[in-house]
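There are 2 protein chains.
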Amino acid sequence: MTELKNDRFLKALLREPVDRTPIWMMRQAGRYLPEYRASRATAGSFMDLCMNADFACEVTMQPLERYPLDAAILFSDILTIPDAMNLGLYFETGEGPKFKKVVRTEADVDALPIVNTASDLSYVTKAVSTIRHELNGRVPLIGFSGSPWTLATYMVEGGSSKDFRHVKAMMYNQPEVMHQMLHKLALSVIDYLNAQIKAGAQAVQIFDTWGGVLSHAAYKEFSLQYMQQIVDGLIREHEGRRVPVILFTKGAGQWLETMANTGCDALGIDWTTDIGNARSRVGDKVALQGNMDPSVLYASPERIREEVASILASYGKGAGQIFNLGHGIHQFVNPDHAKAFIEAVVELSPQYHK
Amino acid sequence: MTELKNDRFLKALLREPVDRTPIWMMRQAGRYLPEYRASRATAGSFMDLCMNADFACEVTMQPLERYPLDAAILFSDILTIPDAMNLGLYFETGEGPKFKKVVRTEADVDALPIVNTASDLSYVTKAVSTIRHELNGRVPLIGFSGSPWTLATYMVEGGSSKDFRHVKAMMYNQPEVMHQMLHKLALSVIDYLNAQIKAGAQAVQIFDTWGGVLSHAAYKEFSLQYMQQIVDGLIREHEGRRVPVILFTKGAGQWLETMANTGCDALGIDWTTDIGNARSRVGDKVALQGNMDPSVLYASPERIREEVASILASYGKGAGQIFNLGHGIHQFVNPDHAKAFIEAVVELSPQYHK
Numbered sequence: 307m308t309e310l311k312n313d314r315f316l317k318a319l320l321r322e323p324v325d326r327t328p329i330w331m332m333r334q335a336g337r338y339l340p341e342y343r344a345s346r347a348t349a350g351s352f353m354d355l356c357m358n359a360d361f362a363c364e365v366t367m368q369p370l371e372r373y374p375l376d377a378a379i380l381f382s383d384i385l386t387i388p389d390a391m392n393l394g395l396y397f398e399t400g401e402g403p404k405f406k407k408v409v410r411t412e413a414d415v416d417a418l419p420i421v422n423t424a425s426d427l428s429y430v431t432k433a434v435s436t437i438r439h440e441l442n443g444r445v446p447l448i449g450f451s452g453s454p455w456t457l458a459t460y461m462v463e464g465g466s467s468k469d470f471r472h473v474k475a476m477m478y479n480q481p482e483v484m485h486q487m488l489h490k491l492a493l494s495v496i497d498y499l500n501a502q503i504k505a506g507a508q509a510v511q512i513f514d515t516w517g518g519v520l521s522h523a524a525y526k527e528f529s530l531q532y533m534q535q536i537v538d539g540l541i542r543e544h545e546g547r548r549v550p551v552i553l554f555t556k557g558a559g560q561w562l563e564t565m566a567n568t569g570c571d572a573l574g575i576d577w578t579t580d581i582g583n584a585r586s587r588v589g590d591k592v593a594l595q596g597n598m599d600p601s602v603l604y605a606s607p608e609r610i611r612e613e614v615a616s617i618l619a620s621y622g623k624g625a626g627q628i629f630n631l632g633h634g635i636h637q638f639v640n641p642d643h644a645k646a647f648i649e650a651v652v653e654l655s656p657q658y659h660k
Numbered sequence: 307m308t309e310l311k312n313d314r315f316l317k318a319l320l321r322e323p324v325d326r327t328p329i330w331m332m333r334q335a336g337r338y339l340p341e342y343r344a345s346r347a348t349a350g351s352f353m354d355l356c357m358n359a360d361f362a363c364e365v366t367m368q369p370l371e372r373y374p375l376d377a378a379i380l381f382s383d384i385l386t387i388p389d390a391m392n393l394g395l396y397f398e399t400g401e402g403p404k405f406k407k408v409v410r411t412e413a414d415v416d417a418l419p420i421v422n423t424a425s426d427l428s429y430v431t432k433a434v435s436t437i438r439h440e441l442n443g444r445v446p447l448i449g450f451s452g453s454p455w456t457l458a459t460y461m462v463e464g465g466s467s468k469d470f471r472h473v474k475a476m477m478y479n480q481p482e483v484m485h486q487m488l489h490k491l492a493l494s495v496i497d498y499l500n501a502q503i504k505a506g507a508q509a510v511q512i513f514d515t516w517g518g519v520l521s522h523a524a525y526k527e528f529s530l531q532y533m534q535q536i537v538d539g540l541i542r543e544h545e546g547r548r549v550p551v552i553l554f555t556k557g558a559g560q561w562l563e564t565m566a567n568t569g570c571d572a573l574g575i576d577w578t579t580d581i582g583n584a585r586s587r588v589g590d591k592v593a594l595q596g597n598m599d600p601s602v603l604y605a606s607p608e609r610i611r612e613e614v615a616s617i618l619a620s621y622g623k624g625a626g627q628i629f630n631l632g633h634g635i636h637q638f639v640n641p642d643h644a645k646a647f648i649e650a651v652v653e654l655s656p657q658y659h660k
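In the order they appear, the protein sequences are chains L and H. If you're matching positions, the first sequence starts at 307 in our numbering and goes up one per residue. If you're matching positions, the second sequence starts at 307 in our numbering and goes up one per residue.
It is worth saying that the hints were derived from the structure and are not from the lab. Heads up, a few of these hints could be off.
Because identical chains cannot be distinguished in the list, a pair is counted as satisfied if it fits within a single copy or across any two copies.
[Said to hold, decoys possible] As a list, the in silico DSSO-like pairs of lysine-lysine whose alpha-carbon atoms are at most 27 angstroms apart:
| hint | residue 1 | residue 2 |
| --- | --- | --- |
| 1 | Lys468 | Lys645 |
| 2 | Lys504 | Lys404 |
| 3 | Lys526 | Lys623 |
| 4 | Lys660 | Lys468 |
Computed from a prediction, not measured in an experiment: that's the story for all the values here.
Go ahead and model the full structure; you've got the sequences and the hints to work with.
Structure representation (structure tokens):
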């Protein structure tokens with residue numbers, strides 16, 4: 307394997323000393339970039355882009371050409387697993403993801419297969435190895451998956467939801483059926499992430515976009531428990547290096563201590579949490595990734611720089627911080643503002659690592 | 307004035323001893339009730355219902371006829387103030403509230419009037435006094451308003467929003483314009499709530515539905531600061547009784563300590579917060595209202611009862627708890643499940659007050 311030229315992201319995830327705070331952006335390969343929109347126009351649908359390793363590689367590389375980012379992330383969707391469970395994922399313009407089949411009954415859950423990545427999602431592992439080769443050691447590659455609970459919300463609701471009516475009704479009324487579904491999803495995610503690691507992913511992130519809509523008790527039982535199973539089931543050492551695992555539950559600011567006890571290496575946090583406060587709560591158990599409000603990128607470069615300075619100061623000196631947004635970058639952001647953001651981290655962070 | 311026959315809600319808000327935990331439900335007069343849907347069918351639009359004091363009174367009373375609730379809440383909308391600012395509120399079926407005019411520039415903000423309730427929103431105070439008269443001392447009447455920040459989100463976005471793009475851009479790019487708007491809203495809300503108190507509201511709640519989408523720092527500056535101004539500007543004593551003020555920011559579980567320092571009497575909390583944990587954090591500064599996930603009402607009566615028992619046990623013995631949902635009751639809830647919920651509180655809570 308090619309030597310990794312920039313390993314500050316992997317080091318920071320393990321709370322090892324670095325020269326400056328590493329940075330990447332959730333959804334950094336995305337619609338805010340004109341070159342991404344051009345690739346999309348050629349490739350066809352969003353899923354066509356995901357399923358074609360060359361296209362997925364092309365768009366993964368795009369933000370790296372523009373910005374001094376410290377990690378690449380596989381271009382894919384969190385809903386590949388439910389799609390591989392034969393639910394028929396499709397996207398309607400302006401509507402978000404939808405499924406042709408929804409999962410609402412015990413029989414629906416019984417019919418769900420456990421996904422075998424090698425046979426069902428080889429397009430993903432092919433994209434991983436293509437991107438890893440193309441990166442040629444420039445920065446590490448992040449693999450990812452949706453969390454079981456988050457995948458379940460889409461599978462039960464049939465798409466995005468505002469009130470999570472059906473999935474919560476199932477959770478409260480048929481908890482054993484919900485657990486059966488989450489168990490199948492957890493096994494599928496373990497296989498999926500391990501396949502990504504074997505294909506070349508050097509760190510993995512679990513996106514629990516909708517864990518924050520649960521009560522504290524339900525979060526532990528229906529979301530965190532399954533992320534814990536995944537953490538326990540992952541390959542943690544590969545190519546002679548530790549493969550760090552990042553857990554990101556949006557809206558989980560109140561539950562960081564519990565999340566830090568899963569044995570993951572880092573927590574992604576959103577902007578509702580003060581990162582300095584989070585650091586004092588999780589201690590040296592995990593690194594912290596985040597957490598600027600993506601909407602700050604609508605502001606002027608000066609204002610963006612102020613916000614970066616404030617987050618760096620809040621975290622303070624020492625290792626264990628990875629700069630990021632608290633959620634994916636919005637499609638209407640000016641790419642020059644993203645540049646101002648990333649450059650501010652590059653310029654302002656070295657003083658915290660002396 | 308008629309003597310108040312059931313004052314356990316007002317007592318609990320002031321952390322005074324009661325015989326059992328009082329209960330009411332946010333949006334208790336609403337679409338889940340067939341009698342409400344019948345009234346709506348007669349009255350016409352939602353705003354027609356709000357603007358007609360007799361209709362507003364009729365639907366306010368409906369849940370009290372069905373359930374042993376300990377408070378009534380004025381039937382109205384949080385967007386009456388922006389509507390009175392001439393923005394043209396209307397409702398499209400299945401789409402939520404919309405405004406004909408949006409507020410996006412300094413000139414737009416300059417053009418906003420400060421609302422004078424007596425002249426601009428007399429239909430609201432008329433509804434308050436009609437309901438208060440009809441209640442005849444049965445239970446206390448709650449008045450309410452949206453928070454300045456929450457009202458601003460609708461005024462800038464022109465309706466509901468998923469990403470709060472425009473309002474956050476304004477907040478980060480033109481903070482002084484945003485502050486000017488929030489200042490006008492705070493003055494309007496003070497006048498509005500004081501008019502409701504004078505007309506007969508015996509407690510008031512400020513609904514900050516969207517404060518939780520802000521960062522911790524932005525929340526303090528753009529939402530809490532203005533709720534603080536409102537708390538400071540309210541009539542706190544009327545008819546020889548204290549008029550308690552409840553602050554409810556959805557998604558504010560991490561910020562309860564700061565909210566408790568505003569001088570309000572109680573905090574509304576959503577289901578992401580463990581109420582026992584919240585109690586230990588706020589101490590004896592404020593009472594706590596909440597916090598069952600409204601989706602639990604989709605479950606069986608037995609399951610609902612378990613959840614009530616668990617929340618009561620988490621809060622523990624002693625005064626200062628008001629039972630409620632963590633957000634408004636959903637329209638698809640079976641009224642018998644709401645009954646099971648309320649009866650569980652009535653039956654299970656006395657042991658915590660001995």
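Query raised in the report: Looking at the structure, which of the earlier hints fail to hold?
Result: 2, 4
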